[in-house]
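Asker: The lines below spell out each chain.
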Amino acid sequence: MSIVSIATWIEATGPARAIAQSTWMFPAAETVHVLAIAVVVGSIAVLDLRLLGVSWKSRPVTEVAREVLPFTWTCFGIAAIAGSLMFVSAAVKYATDLPFQLKMLLLLFAGANMLIFHHFTYSGVENWDHNAPSPRAAKVAAGLSLAFWVAVVVCGRMVSFTTQNDFGPPPSASNPQATILAQLDPQALPP
Amino acid sequence: MLESLCAWIEKTPLSAGIQNAGWIIPVSQIVHILGLAVILFSALSIDLRILGVAGRRTSVPGMAAHFLPWMWGAVVLMAATGTILIIGEPRRDLLNPAFQTKMLLLVCALLSTAAIQRVVRSTPSLGGPRDSLGWPVRTLAVLSLALWFSIAICGRLIAYVT
Chain H
1 MSIVSIATWI
11 EATGPARAIA
21 QSTWMFPAAE
31 TVHVLAIAVV
41 VGSIAVLDLR
51 LLGVSWKSRP
61 VTEVAREVLP
71 FTWTCFGIAA
81 IAGSLMFVSA
91 AVKYATDLPF
101 QLKMLLLLFA
111 GANMLIFHHF
121 TYSGVENWDH
131 NAPSPRAAKV
141 AAGLSLAFWV
151 AVVVCGRMVS
161 FTTQNDFGPP
171 PSASNPQATI
181 LAQLDPQALP
191 P
Chain Z
1 MLESLCAWIE
11 KTPLSAGIQN
21 AGWIIPVSQI
31 VHILGLAVIL
41 FSALSIDLRI
51 LGVAGRRTSV
61 PGMAAHFLPW
71 MWGAVVLMAA
81 TGTILIIGEP
91 RRDLLNPAFQ
101 TKMLLLVCAL
111 LSTAAIQRVV
121 RSTPSLGGPR
131 DSLGWPVRTL
141 AVLSLALWFS
151 IAICGRLIAY
161 VT
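Chains as they are written, first to last, in our numbering: chain H, 1 to 191; chain Z, 1 to 162.
Please keep in mind that the hints were generated in silico from the structure rather than gathered at the bench. Even for Gly, the Cβ is constructed at its ideal location relative to N, Cα and C. Possibly wrong hints are sitting among the right ones.
[Stated by the list, open to error] Interface residues of chain Z toward chain H, partial, derived using beta-carbon atoms under 7 Å: (1) Val31; (2) Leu40; (3) Phe41; (4) Ser59; (5) Pro61; (6) Ala65; (7) His66; (8) Pro69.
[Claimed, not checked] Simulated pairs of lysine to any residue, SDA-like, Cα-Cα distance not exceeding 20 Å: (9) Lys57(H) to Asn96(Z); (10) Lys57(H) to Gly62(Z); (11) Lys57(H) to Leu68(Z).
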């Protein structure tokens, strides 16, 4: 069973079709997705910058982590749910889209980086909790985390330039340019 | 008037340059979203700390002192990238009700953030991690949080409203 056939099946389910046919559900999911991912990136960046010794050097790493990570995880959950709703509405389009595939790969990398950091480096945090910057392994993990999350945002933005969804100002008689522009240059179409 | 402003902006070489270089608008949007990440989490941290909901290990002034410089920096970054987006596609933004609402809310959000900054700085007695603030500042905190999130929502809706 190929990815495309699974995606085709997903797209045909009731909820997926409801989202695809609704005028407001996709924009609503996308808005929630963007707000949630913003908080994910904003919060994880605070911890990464602390590990790198860039900011909040006066506070122990564990304290910053305890303060910031609940925001990261909660909003990651929200972003994942909203993202899934967007995905199912046009599963084939997304599953076969290069920026989308890259984004999923980068999420895996970000997750693997986090797991490795958590199990090998953070387990000994009591020895370097007050150090700024943190040991090399922690700094590498923090740098990778920042890079992966920024790349996730970049790919996420590129998804909407490559796979135009069916919303936004539709081409019409009063705005025939939209159709012409869409054929010439996909970037000319919102969102 | 807005119509003629758009027409004028569109005729400038700068606007044409932005449109012709296909990468400028996507890159500006990406930087704009990263700026949003900084602002939303900073606003959450400061405002929820004022409300006593999160971050109580840090004092209110400590939280504000850490996040406000990041927040103002991100405001400048977003204003710059936002201006590039407006110059590149003036009609998409200036004539859009979602954009117009966003600008109105932005003025309110900037004022509320500046007010919070003033109150926190003029109350150095709030040194203790467990200190909480009075109802006027707590109201400001709720307002500020609601405004920044509404601005982000309006920003996303620019793509859908005409």
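Asker: Hint by hint, note whether the structure agrees.
Answerer: Going through the hints against the structure:
no.: 1; hint: Val31; result: 10 Å, violated
no.: 2; hint: Leu40; result: 5 Å, holds
no.: 3; hint: Phe41; result: 3 Å, holds
no.: 4; hint: Ser59; result: 12 Å, violated
no.: 5; hint: Pro61; result: 13 Å, violated
no.: 6; hint: Ala65; result: 10 Å, violated
no.: 7; hint: His66; result: 6 Å, holds
no.: 8; hint: Pro69; result: 9 Å, violated
no.: 9; hint: Lys57(H) to Asn96(Z); result: 43 Å, violated
no.: 10; hint: Lys57(H) to Gly62(Z); result: 13 Å, holds
no.: 11; hint: Lys57(H) to Leu68(Z); result: 16 Å, holds
Violated hints, in rising order: 1, 4, 5, 6, 8 and 9; the structure is consistent with all others.
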